[in-house]
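Trainee: Protein chains in written order, with the working numbering: chain A, 1 to 317; chain B, 1 to 287; chain C, 1 to 443.
Calculated directly from the structure, the hints in this document are not laboratory data. Any given hint might turn out to be false.
Unchecked claim - Derived lysine-lysine pairs resembling PhoX-like cross-links, with alpha carbons at most 20 Å apart:
#, chain 1, residue 1, chain 2, residue 2
1, C, Lys-187, C, Lys-205
2, B, Lys-230, C, Lys-147
3, A, Lys-111, A, Lys-203
4, C, Lys-441, C, Lys-147
5, C, Lys-139, C, Lys-359
6, B, Lys-230, C, Lys-205
7, C, Lys-137, C, Lys-311
8, C, Lys-342, C, Lys-311
9, B, Lys-230, C, Lys-137
Said to hold, decoys possible - Among the chain C residues that face chain B by a calculated CB cut under 8 Å, a handful are:
#, residue
10, Ala-65
11, Thr-66
12, Lys-67
13, Ala-86
14, Ala-87
15, Ala-285
16, Gln-307
17, Pro-310
Using N, Cα and C, we set each Cβ at its ideal position, and we do this for glycine too.
If you want the building blocks of each chain, they are given just below.
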Amino acid sequence: MTSDARASVPRGRRVAKAIRRPRPHIWFLLPAVALYVAFFIVPTLASYWLALYDWSGLGPLGDFIGIDNFRRVFEDGEFRSAALHNVWIFIALFVMTNTLSLFLAILLDRKSWLRGPYRAIIFLPYVLSPVVTGFIFEVLLSPNIGVLNPGLEAVGLGSLQHTWLADPSTALAAITVALAWQWNALATVIFMAGLQNVPPEMKEAAVTDGATTLNVFRHVTLPYLAPAFTVVNVLLAIFAFRAFDLVYVIGGAIGAPNGATLVMGTVIYGNAFGKGSYVDTTQMSYAMAQGIVLFVFLGLVSAVLLVYLSRRERRVY
Amino acid sequence: MSVASTSPQGLRRRRAFVAWVGSHGVLIVVCALVIAPIYFLVLGSFKSVEEFFSAPFGLPQHFSLDNYRRAWTEASISTTIRNSAIVTVSAVLISTVVSCLASYAIARLPFRGSLALRLLFVGGLIVPVQLIMVAIFIIMRWIGLLGTLGSLILVYSTFGIPLGVLVLVGFFQALPKELSEAATIDGASDFQTFMRIILPLSMAPILTVVILNGVWIWNDFFIALVLSTKPSVETLPLGILNFFGVYSTEWGLIFASVVLSALPVVALYLLMTRRFIAGMTAGSVKG
Amino acid sequence: MTQERKGPRAESAGAAGTERAEKGLTRAGALKKGVGGILAAGAVGSLATPAFAGSAGSARRTADATKISMWGNHPEWKPVLDRLIAAFEKTHPGIDVELSYKPGPQYTAALNTALAGGAAPDVIGWIEGDAIRVGAKAKQIIPLDGKIPIAKLIPAARAQVAFNNHVYGSPLAAYTVGIFYQRPIFKEYGLKPPTNWTQLLAATKKLAAEGVTPWSMPAKDMIIPYFFYIMAASSILGQNGYRGLRRGTRKVTEPQVVRAAQLMIDLQEYYNDGFQAVSYAEGKALFAQGRTAMLIGGSADYTGYKQVNPKVDVGVFGFPAPNGRSHVTVTGMELLYTVNSKSEHKPEATTLVNWLSSKGAQQVVANELARPIAVGVVPSRSNRVGREMVLAGAPDIPVWYSQPETGGTFGAVTSAGGIFTGDLTAMEFAQKVQASIKPNKKA
C-alpha cells in the first residue's frame with residue numbers, strides 16, 4: 001500500500017533529525033507507533049509475503065508463485081459473486097441510511113422528554129455483538145422455530161410466509177435486514193450528532209424569513225450535515241464491505257443456500273481456515289491474496305467517497 | 001394567545017399537532033422493530049425445546065431460571081466474563097492513552113509526515129482482520145505471550161488505535177491554536193500543554209472513542225478465537241460459541257447464554273445512556 | 001466520530017465544541033481518575049503474569065505431574081470424554097491432561113493456526129484424510145512405530161494412521177453413518193425399513209400423504225447431502241465398485257451411478273421446510289422431536305438426539321441398493337491422535353495415545369460415544385442403537401473423503417448446492433464430483 005511507502009520516507013528523515021535534535025513529538029508518537037508496527041504493519045506485510053507463495057495453511061510453505069494468486073482472484077467467479085453481494089448490501093444500506101436514519105435523527109432532534117428513552121432504545125442494537133445478532137435473526141427466520149412466519153399468519157398475512165433463509169432470492173435480503181438493524185443504530189446517532197451542530201439561529205432566521213419546514217431543511221440543515229454525511233457514508237462502506245461475523249453466523253462459510261449469502265469476508269475465511277467441520281483443503285496464501293484485493297478495493301472506495309464528500313463539505317463553507 | 005381554528009396560527013398549531021403525533025408514531029414503530037428481536041430472544045430463553053416447535057410465538061409455560069443457571073455454570077461464564085472484563089478494560093485504557101498521545105502529536109505538533117502517519121493509522125480501519133491473524137499468532141508465540149490475556153490486550157489495543165486517531169485528530173485540530181500558544185508562552189512544555197489544557201477539554205470525544213472501542217472489543221470473537229489457545233483465557237463471545245457447540249439444539253439454553261453474554265454491555269449501556277449518547281453527540285462530529 | 005475539519009469552519013466549531021466539552025469535563029474527569037488507578041494495576045498485572053485468570057481452577061492438584069495438552073472437536077462429548085480422561089489420569093498418576101474443545105466448524109482454523117505458529121497441543125488430533133499425511137511429511141508429528149498395537153485396530157483405522165511404513169497414532173473412535181428412523185412413526189403407518197429404492201420412495205410418499213415430513217435433510221453446510229449422495233452412490237457401486245472408483249475403472253458419471261444424484265433431486269419435495277438453510281443441529285433436533293421420520297445420521301448423533309428428547313426411540317438401517325441386494329453404511333474415523341514433534345513431553349503424550357486404543361478405553365467409546373476402533377470390542381447389550389448400527393452395513397464402505405483418491409469429493413459437493421436450487425442437473429452434479437476424484441491405478 002502506497003501510504004506505507006510514503007510514511008517510511010519521512011519517518012526515516014524524522015528519525016535522523018531526532019538524533020541530531022530530539023523533538024518531543026517522538027515520545028508522543030512512540031507508544032502508538034510501536035504497537036502499530038509490531039501488531040499491524042508487520043503482520044500485514046507478512047500476509048503480502050505469504051500471498052506470493054502457494055501455502056495451504058498446513059505444512060510446508062510451498063512454491064513461490066509470485067502474483068499468480070492475485071491474478072487468480074480476478075478470475076474467480078465465486079469471489080466476484082461475493083463481491084457483488086457486498087455491493088448489493090452497500091447499496092441497500094446506503095439508501096436506508098441516508099433516508100431512514102436521517103429521518104429518525106431529525107425526529108429525535110426535537111426537544112422532548114421522550115427523547116432519552118427513544119435514543120436509548122434505538123442505539124441498543126449496535127451494542128450487541130454481531131454474532132449474537134446473526135444468531136437471533138437466524139432463529140427468528142427459521143422455518144421451524146422462527147417467529148416471523150407465525151407472526152405473519154397471526155396478522156393475516158399468512159400468504160407472505162416464506163423460507164426466508166433457504167431461498168436464494170431472499171436469503172441475502174434477510175441478512176441485509178439483520179445488518180441494517182445493527183448499522184442504522186449507529187448511523188442514526190451519528191446523524192443526531194451532526195444535527196446538534198446546526199446553529200439554531202440560522203434555522204430561526206430562515207423561519208422568520210418565511211421559509212417552509214422543507215426549505216429550512218434543504219437549505220439550512222442539510223449543508224451543515226455534510227460532515228456527518230461524510231462520516232456515515234465512509235463508515236458505511238467499510239461496514240458493508242468488511243461484513244463478516246453476522247453473515248458468517250447465518251450463512252456459513254459456504255454461503256447457504258448455494259453461495260447466495262457469500263460475502264468477501266466469508267470467502268476469505270473459508271479459504272484461509274476451512275468451510276466446515278470436515279475435510280477442508282484450505283488455501284491460506286490464496287485467501288491472503290483475496291484479502292489484499294479486498295483491502296485495496298475498500299481503500300479505493302473509501303478514498304473516493306471521502307474525496308467526493310469532503311469536497312461537498314467544503315463547498316458549503 | 002387566542003386562536004381561532006381557521007386562523008393561520010390555528011392551522012399551524014393543528015399541523016404541529018399532527019406532526020407531533022406522526023413523529024411519535026414513527027418512533028414507536030421503529031422502537032418496536034428494534035425491540036422485537038430482543039424480546040423474542042429473552043422470551044425464548046425461558047422455553048423448553050418442545051415449546052420452540054409447538055408455540056414459537058407464544059409465552060412459555062414456566063418462567064424458571066433453570067436455563068440461566070445451567071448456562072452460567074456450563075458455559076463457564078464466570079471465567080469468561082472476568083477475562084472479557086480484564087481484556088476490554090485494559091485494552092481500551094491502553095488504546096485510548098496511546099491514541100491521545102499520538103493524535104496530539106499529529107494534530108498539534110509540526111513535523112514532516114504527520115499527514116502520512118495519520119493516513120497510515122486510519123487506514124487500519126480498512127484492513128480485513130482475517131488477513132493478519134496468522135502472522136499475529138506467530139508473533140505472539142515468538143514473544144512468548146501466546147495463551148495469555150496479555151496477547152489479547154496488546155492486539156485489541158493496537159486495533160483500537162485507528163478509531164482513536166480518526167476521532168481525536170480531527171477534534172484536536174479544531175481546538176483553537178491560541179490555547180496552546182498561550183501555554184507555550186507561559187513556559188509549558190508540549191507535554192504539560194497536552195495534559196493540563198488539551199486533555200481536559202477533550203473528554204467528550206475521548207468518551208466516544210472509549211465507547212466505540214469498548215463495544216467492539218467486548219463483542220469480538222474472531223481475534224479471541226485465534227489467540228485463546230487455552231480455555232482459561234477465553235473471552236465471553238468465545239465461551240458462548242463453544243457452548244453452542246455442546247448444546248446446539250437446546251435453544252432455550254442457548255438463548256439464556258446469549259442473554260447472559262449481552263447483559264453486561266446492555267446493562268452498562270442502559271445505565272450510562274445519557275453519557276453514551278451525549279458523549280457521542282457533544283463535540284464529536286465537529287462543525 | 002470526527003471528520004477532519006479543514007477550513008474556516010474549524011474556528012467557530014472549536015469554540016462551540018470547547019464549551020460543550022467543558023460541561024462534560026468535571027464528571028468524566030473524576031470518573032477517569034478514580035477508576036484509572038485500578039485499571040492500570042489490572043492492565044499491568046495481566047501483562048506480567050501470563051494465564052492470570054487461568055490456572056485458578058486446575059491449580060496445583062498434582063504439583064509435580066507432567067501436563068500435556070489435547071484438543072477435541074466434539075464439545076457435545078464433553079461429559080463422556082472428560083470421564084474417560086479422568087480414568088486415564090487415575091491409572092497414570094504422573095500425567096495431567098488438559099483437554100480443551102474447539103467447536104467442529106472452527107477446529108481446522110484453530111489447529112492450522114496453532115501448527116503454523118508452532119503452538120499445537122502435545123497430542124494433536126487430525127481430521128481424517130490427507131491432513132495427517134501432510135503433517136507427517138512436514139515432520140510435525142513423530143512416528144510411533146511399536147508403541148501402538150496396530151494389529152488390534154480395525155482395518156479402516158489402520159489405513160488412516162499407518163502409512164509410508166510408519167505408524168503415527170490412533171483414532172479415538174470411528175463413526176458409522178446410516179439412516180436413522182423414528183420407530184413410533186414407522187409403526188404407526190405400518191412401515192418397515194425399506195430394502196430397495198422402490199420401497200424407499202413408497203415409504204417416503206406414504207409418510208408425506210399422512211402429513212409427516214419424511215426426511216430431515218439439513219443442507220446449510222452440505223454435510224448431510226454429502227453423506228446421502230455417497231451412500232446412495234456406494235449402494236449402487238458396492239465395495240468393488242468403490243475400489244474401482246478409486247482406481248479409475250469406474251466413474252460417478254456412469255448413468256447408473258448418476259441415479260444417486262437424481263434420487264436426491266427426486267426426493268426434494270419430501271425434505272423439511274427450508275432445508276437449504278437449516279443447520280445440521282436443527283435438522284437433528286427436528287428428527288429427535290419426531291417432526292421428521294428419517295435422517296441420515298452417524299453413530300455419534302445418537303447422544304445428540306437424547307439431549308433434545310430423552311424419550312427418543314429410533315432405529316437404524318443401511319442405505320438400500322436400488323435393487324435391494326445390499327445395504328450400505330459408510331464409516332469414518334473421528335480425530336486421529338498423534339504426538340506433536342515439538343512436544344516437551346513426548347513419552348507422556350505417547351502413553352496417552354497408546355491408551356486411547358486400549359480395550360478399556362474403547363469399551364467406553366463403544367458403550368457411550370461412537371464406534372470403537374479396536375478389534376473385538378462390541379457395544380454393551382444396553383446400547384441397542386449401537387448394535388443396530390453395526391448390523392446396518394453390509395458392506396461398510398470407508399467414507400469417501402478419507403481416501404486420498406476421493407478426498408476432494410467433499411469440497412466438490414460443498415460447492416454443488418445448485419443441485420437443490422435447480423442450477424445443476426444430476427449429471428452436472430456427478431461431473432463436478434468426478435472432476436474432484438484423482439484415480440490411482442494402484443489403489
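Trainee: Decide, hint by hint, whether the structure agrees.
Mentor: A quick look at each hint next to the structure:
no.: 1; hint: Lys-187/C x Lys-205/C; in the structure: holds, 16 Å
no.: 2; hint: Lys-230/B x Lys-147/C; in the structure: violated, 28 Å
no.: 3; hint: Lys-111/A x Lys-203/A; in the structure: holds, 15 Å
no.: 4; hint: Lys-441/C x Lys-147/C; in the structure: violated, 32 Å
no.: 5; hint: Lys-139/C x Lys-359/C; in the structure: violated, 29 Å
no.: 6; hint: Lys-230/B x Lys-205/C; in the structure: violated, 50 Å
no.: 7; hint: Lys-137/C x Lys-311/C; in the structure: violated, 48 Å
no.: 8; hint: Lys-342/C x Lys-311/C; in the structure: violated, 47 Å
no.: 9; hint: Lys-230/B x Lys-137/C; in the structure: violated, 27 Å
no.: 10; hint: Ala-65; in the structure: violated, 17 Å
no.: 11; hint: Thr-66; in the structure: violated, 17 Å
no.: 12; hint: Lys-67; in the structure: violated, 11 Å
no.: 13; hint: Ala-86; in the structure: violated, 16 Å
no.: 14; hint: Ala-87; in the structure: violated, 20 Å
no.: 15; hint: Ala-285; in the structure: holds, 4 Å
no.: 16; hint: Gln-307; in the structure: holds, 7 Å
no.: 17; hint: Pro-310; in the structure: violated, 11 Å
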